[in-house]
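Line by line, the protein sequences give chains A and B. Just so we're aligned, residue 3 is where the first sequence starts under this note's numbering, counting upward by one. Just so we're aligned, residue 3 is where the second sequence starts under this note's numbering, counting upward by one.
Any given hint could turn out to be false.
Same chains, same names: a pair is fine if it fits in one copy or spans any two.
Simulated crosslink set (DSSO-like; lysine-lysine; CA at most 30 Å straight-line) [said to hold, decoys possible]:
(1) LYS12 with LYS100
(2) LYS16 with LYS110
(3) LYS138 with LYS198
(4) LYS16 with LYS189
Rather than coming from a laboratory, the hints here were simulated on the basis of the structure.
Protein chains: 2
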Amino acid sequence: MKTEFELIEKYFNKKSMKAHKGIGDDAALFERDKDNYWAISTDMLNEKIHFLPNTNPYKLGWKAMAVNVSDILSMGASPMFALLSIALPKSNSEWLKKFSQGFFACCKLYNAELIGGDTTKGPLSINVTVLGSVNKKNVLLRSGAKIGDDIWVTGELGLAALGLKIAKKNITAPSTLSKKSMDALEKPVPDMIAIKKIHSFCNAGIDVSDGFIADLNHILNASKVGAKVFLDDLPINNWLRKNKKVDLALYGGDDYQTILTASKKMRSTIEKLIKKNKLDISRVGFVTRDKKLVMDDHDKEIKLKKGYEHFENK
Amino acid sequence: MKTEFELIEKYFNKKSMKAHKGIGDDAALFERDKDNYWAISTDMLNEKIHFLPNTNPYKLGWKAMAVNVSDILSMGASPMFALLSIALPKSNSEWLKKFSQGFFACCKLYNAELIGGDTTKGPLSINVTVLGSVNKKNVLLRSGAKIGDDIWVTGELGLAALGLKIAKKNITAPSTLSKKSMDALEKPVPDMIAIKKIHSFCNAGIDVSDGFIADLNHILNASKVGAKVFLDDLPINNWLRKNKKVDLALYGGDDYQTILTASKKMRSTIEKLIKKNKLDISRVGFVTRDKKLVMDDHDKEIKLKKGYEHFENK
């Protein structure tokens with residue numbers, strides 16, 4: 003039985019002749035003008051798969067936009083336009099009102115405008131397409147990582163996965179962390195300011211939607227390189243570390259943080275920008291020639307699952 | 003209780019500052035270069051709402067692309083890129099293979115390339131976004147109709163609605179017509195050649211997705227004009243006329259033909275193009291100052307339902 007990934011590769015991944023970059027990255031790229039590309043990304047969210055039934059419609063509207071913004075930002079691009087399709091089981095004015103408020107609040111934060119869409123009947127499903135613009139010099143592809151690059155990641159990892167466990171009543175966490183995790187799950191806020199401050203110094207980028215390990219592997223595969231990551235340096239909440247829930251940060255999805263790689267020569271520049279602007283960005287490892295992902299835990303290499311296996315299977 | 007249309011108007015129809023044309027037409031338009039706009043459209047198709055369960059996946063793949071192509075063509079634009087999101091209840095290699103074949107066959111006919119997408123689990127749902135390019139001089143908006151314009155329509159009306167009745171076993175039609183109607187329903191073929199030959203001589207355009215009367219009304223409302231349409235001149239199959247099923251052509255949806263309006267001065271040019279290229283385009287009426295839609299049936303005005311009422315309610 004082929005995986006979904008393999009089916010897509012097999013049936014849909016045709017090379018584009020007219021676009022600069024077609025299927026296979028966080029967004030496709032096509033010519034805007036001499037200096038810029040358009041970046042375009044689309045994501046579908048379905049009830050029970052991507053969000054729990056009875057999710058607050060304001061937060062759902064926000065998240066539907068935010069997950070696409072995350073893709074656009076991770077290409078080094080800035081969001082500009084959005085298109086929104088919604089299928090609703092029945093017309094529901096109050097629900098649509100709150101959904102639209104959340105959606106537009108997110109659009110506003112990221113300077114994007116809704117310019118088109120479709121509404122229809124059907125099981126609750128939301129599809130958003132976001133268009134952004136990126137200077138050709140600043141494009142961040144998954145395939146851009148170079149041997150020796152530092153690996154950087156925004157924000158904290160594993161909060162959304164913890165939030166999902168809390169929502170499903172599988173874990174109880176302290177109330178402040180619990181609140182923060184539920185917010186991360188339901189109303190992710192991709193860190194545009196942090197990414198924009200440093201993206202022009204970076205070589206590769208991807209957003210963390212499938213989990214840190216899986217998404218880092220996407221970069222490593224596309225760039226034909228490996229990586230060494232230091233467990234202690236990963237931005238993981240202390241409560242997760244103390245309670246042996248580090249796996250949520252490594253393999254949990256839905257973080258909508260961004261992994262970036264940048265030449266070691268850029269390290270001091272990036273560190274100065276982080277300090278000056280109080281950016282929430284961590285340096286967590288480096289890119290290696292050896293095509294494998296090694297996690298260093300106090301000089302003890304630890305076994306990686308899921309993402310690691312996926313990488314090995316390539 | 004507000005209609006879906008009113009809810010969209012109320013909650014989502016915000017004016018775009020950065021796009022040339024936002025929500026409210028078949029596609030949104032934004033700057034491509036000095037001479038051209040990008041046109042972008044998105045449509046969601048859901049099982050049981052837009053297609054019957056067990057619809058042939060090849061035809062479904064075709065239709066998902068074709069309904070968006072129809073929007074792009076009706077703006078006077080040419081399709082270039084597509085993004086595809088699919089939710090499937092379970093991974094199904096054979097289904098995806100056939101779906102992709104239909105989708106790409108349609109892409110090929112209209113010179114469009116798939117550059118991005120998303121696949122996920124969920125009740126069967128398909129969302130396609132299509133980008134096209136249009137010369138600024140050739141843009142066809144719903145609001146472009148001028149008093150005195152001829153009204154033109156491509157192809158035949160009501161076939162898809164007849165096909166749906168046949169599929170649901172509500173009507174039995176002669177076998178040739180039955181086959182043609184099922185094709186119109188399941189594998190619509192927007193007439194790019196016909197539209198492209200004449201669009202530069204036209205003032206307004208819309209594709210027929212909600213039904214001829216409803217969509218003509220969208221033009222009339224947006225252009226703040228009325229129209230007189232001659233029932234005898236509408237491209238309606240004789241079998242429908244003889245069997246008193248003309249309503250299928252007037253109010254049935256899913257035709258994916260195109261309504262165009264053009265100055266009377268362009269009539270002879272358009273007629274010559276139609277003759278020379280054997281185009282399937284009919285002149286069916288004209289645009290009036292009086293803001294109502296009148297259907298002339300041998301000088302006897304006939305009552306219009308649905309579309310007409312919708313128009314009156316504006």
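- Item | Structure versus earlier hints, numbers of those that do not hold, lowest first | The structure breaks none of the hints.
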